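Novice: One letter stands for each residue in the lines below.
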Amino acid sequence: MLDPVILAEDLSLTFQTNDGPVHALKDVNLEIDKGDFVSFIGPSGCGKTTFLRVMADLEQQTAGTITVNGVTPEEARRNRAYGYVFQAAGLYPWRTIGGNIRLPLEIMGYDKADQEERVKSVLELVELAGFEKKFPWQLSGGMQQRASIARALAFDADLLLMDEPFGALDEIVRDHLNEQLLHLWDSTHKTICFVTHSIPEAVYLSTKIVVMSPRPGRITDVIESTLPRERPLDIRDTPEFIEIAHRVRDGLRAGHGDDV
Amino acid sequence: MRNVGPILTVVAALFLLWYGAAIQLNKPWALDKAQRAGVELSFNELVADTWSQKKPKLPVPHQVGAELWKTTGEMVAKGRAFSKRSLLYHSWVTFSSTMLGFVLGTLLGIALAVGIVYNRTIDMSVMPWVIASQTIPILAIAPMIIVVLNAVGISGLLPKAMISMYLSFFPVVVGMVKGLRSPSGMQLDQMRTWNASPSQTFWRLRLPSSMPYLFTSLKIAMAASLVGAIVGELPTGAVAGLGARLLAGSYYGQTIQIWSALIMAATLAAILVGLIGLLQRMTLRRMGML
Amino acid sequence: MGWVSFAFLAWLVGWRINSWLAHLPRTRATALGVPIIFGVTVIAIWECLVRGLEISPVLLPAPTQIAQTFAASTAILWEDFVQTVLKGALSGYILGSGSAFLIAIAVDRFPFLQRGLLPIGNFVAALPIIGMAPILVMWFGFDWQSKAAVVVVMVFFPMLVNTVQGLQDTDAMQRDLMRTYAAGYWKTLLKLRLPAAMPFIFNGLKIATTLALIGAIVAEFFGSPVRGMGFRISTSVGQLAMDLVWAEIVVAAIVGSGFYGGVALLEKTMTFWHPSQRR
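Top line first, the protein sequences correspond to chains A, B and C.
Residues in the first sequence are numbered from 1 upward in steps of one, following my numbering.
Residues in the second sequence are numbered from 261 upward in steps of one, following my numbering.
Residues in the third sequence are numbered from 551 upward in steps of one, following my numbering.
Worth flagging that the hints you see were computed from the coordinates, not collected in a lab.
Mixed in with the good hints there might be a few duds.
Partial pick of chain A residues on the chain B-facing surface, computed with a CB cut under 7 Å [stated by the list, open to error]:
hint : residue
1    : L58
2    : R78
3    : R80
4    : Y84
5    : F86
6    : G90
7    : P93
8    : W94
9    : P104
Far from chain B by the CB rule (all over 10 Å, computed), these chain A residues [what the hints assert, rightly or not]:
hint : residue
10   : V22
11   : E132
12   : V222
13   : A245
14   : R247
FRET-style restraints, in silico, Cβ to Cβ [as the list claims (entries may be wrong)]:
hint : chain 1 : residue 1 : chain 2 : residue 2 : range
15   : C       : V800      : B       : K315      : 35 to 43 Å
16   : C       : L744      : B       : S356      : 40 to 48 Å
17   : B       : G445      : C       : V608      : 49 to 57 Å
18   : B       : W278      : C       : R659      : 21 to 29 Å
19   : C       : M748      : A       : A129      : 38 to 46 Å
20   : B       : T543      : C       : P669      : 53 to 61 Å
21   : A       : A63       : C       : T577      : 24 to 32 Å
22   : B       : P458      : C       : V590      : 30 to 38 Å
Treat the numbers as computed from the prediction; the structure is a model and nothing was measured.
Each residue gets a CB set at the ideal place from its N, CA and C atoms; glycine is no exception.
For reference, chain A alone in the conformation it holds in the complex (with noise of 0.2 Å):
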């Protein structure tokens, strides 16, 4: 057995406010296996996204442990171990398609002729060839989401982390972008962190679903899928997606409590 690319270990975060402490993150214990689509869902304020953010070291833990492919998550975030796609996608209107996939291959210093290669690479993958010429508001949205999943695949990471990317999409292109993003995952052989809180979008994508709850931020329930890895569109009709739909729910209305 390989290590764990994820291994949160009592991991809590609690926000200093006005009106007191905020229990972010409360002993929250997890293990991700390389090669796993793992979602993450549950309401707002339920730590999902501080848990993302604590993973790539946009956060720090205030107890208990967490290590990224072995390591903390500083050196993770050092060696570029993981690439991020925030809920926007926030290219730069200066830079063309290419240039915004460029940026991180700049920064983290390859040669030229392997960023080309490389550049050209990801926007095929994410069926954006051609475009390469062309600048973010010339695109549309769903396009240019793709592009910033293009851009944290551009360099060797084979951890992503993704934080609501279709939130902000509606659902045609939505559904569209899932089914691409299975493949793409197929195919690269990566690991992947999915926040969101469509329960459709968690079960058709991941081989395990986190549900999380607010007040304090923890893990309810950790549900294991049992569907194929090769999953068309239309398994969302089957039993036994279904199935697993109605536990995420149940999961979901069992972290409320009472609050509901």
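Position chains B and C against the provided structure of chain A, taking the given hints into account.
Specialist: Same frame as chain A, now just chains B and C:
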């Protein structure tokens, strides 16, 4: 383009108002003259007189236009574009100290803004003073700067440029601090996930993001710089420059000269600010931020 | 030499304290204390350098000397303050921004005028209007009336442009809502558009405070009775009485920030709902 009609209408109305006001303001002098000469003025004669006095209270546009032509176009035609009587010469004097001060003020302003954004101590110590200084009529110290610098042997272009620099400095600092801080938390986090160095973050994210703010403050700085140069020319003993022309005109009651210097200053301001606006449009369009 | 090294020491100590304070968590006390320490340090260095390098008071008087002059000539300073600020700047400020406000409301009714006036107003706001001063001094005489006139001209256009823009700052949905209430022009103006325009109007008023003081002071360079801050500055510069010039500048700084602060405070109480005022 749809604004051209309304703008022209308003401009035409302003001109009408100007001619009308000239009749009113210059009438007493015309009537006084006529009374002493013992003649009765018809309305047409009165209007003609008020629009052509030598030292009117308010010269009309065509008088100012004629004076402007006499001191610019005609001088050029005579090959004396840079004689001391040419308004082009005086504009050049003002322009050069404006530009020198503007460039120095902009560079210093950007440098301080970078310091403020990257150093917490500078930020907390200096920023409140920069903001407060915007509310202070700093132009009032212009005469002192000129005299003090003269006393230590610095004269000519530099003292005026110092005033311009001082005036253009503050808007640039304030604008650039805002601009360099304009990248969103998400964009900065993004840089962090790539383990980008501070200088990479500066050149690739902060500086390009600050461009719209830079140009907006450059326009303000340019206008302020010109005002500084003009006011800086007031106490120098009135030798050269548009400010000197204004002061000389007001000493000798040469209203036409004042107005032509004023129009020239306005034209200079319009050209300089317009050029920055053009540069802004070109740059931002190229950067896809327009 | 002693004074110079003391200046160096003052710098070192001030900077040390500030960089220590700046890296503490930001609170009201540090946000206020750090700039004050910085200011005190600068004044201390100024004082030490003037003494240590024996800089002539004609070039740069020491802060203590300025303070002495300030205390000794309060009568003159008060007289100048009344002449320049109360009579010149304030009356011109009220007249100028008031008339700009009324004209903006009138202009707002005619989109045609609006489209013509806005670009021109923006254009004029960038011009060196202060150059009008000699003309207005000629028209209105040497006393405060001409200074007030300069101030009126200077504050008019920024105020006009801001108010017109503010009145346009309601979105279609809010205006439609007023329509569904069958609110007429005046009701809509009073209940929706004027309140919505407040942040813009205050922005204009704030810009105008500084312009008003600049206008009133600089206009005195072109001729004034034997009192007023601009007059005092230009004549004292001629007599090389720099301590008095600095005292006037201190007054100008206090008046400028006080005037601005007053308007900002008024803004805070009147537009507390606006995102820029919320914390």
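Novice: For each hint given before, does the structure comply? Return the numbers of the non-compliant ones in rising order.
Specialist: Per hint list: 19 and 20 violated.
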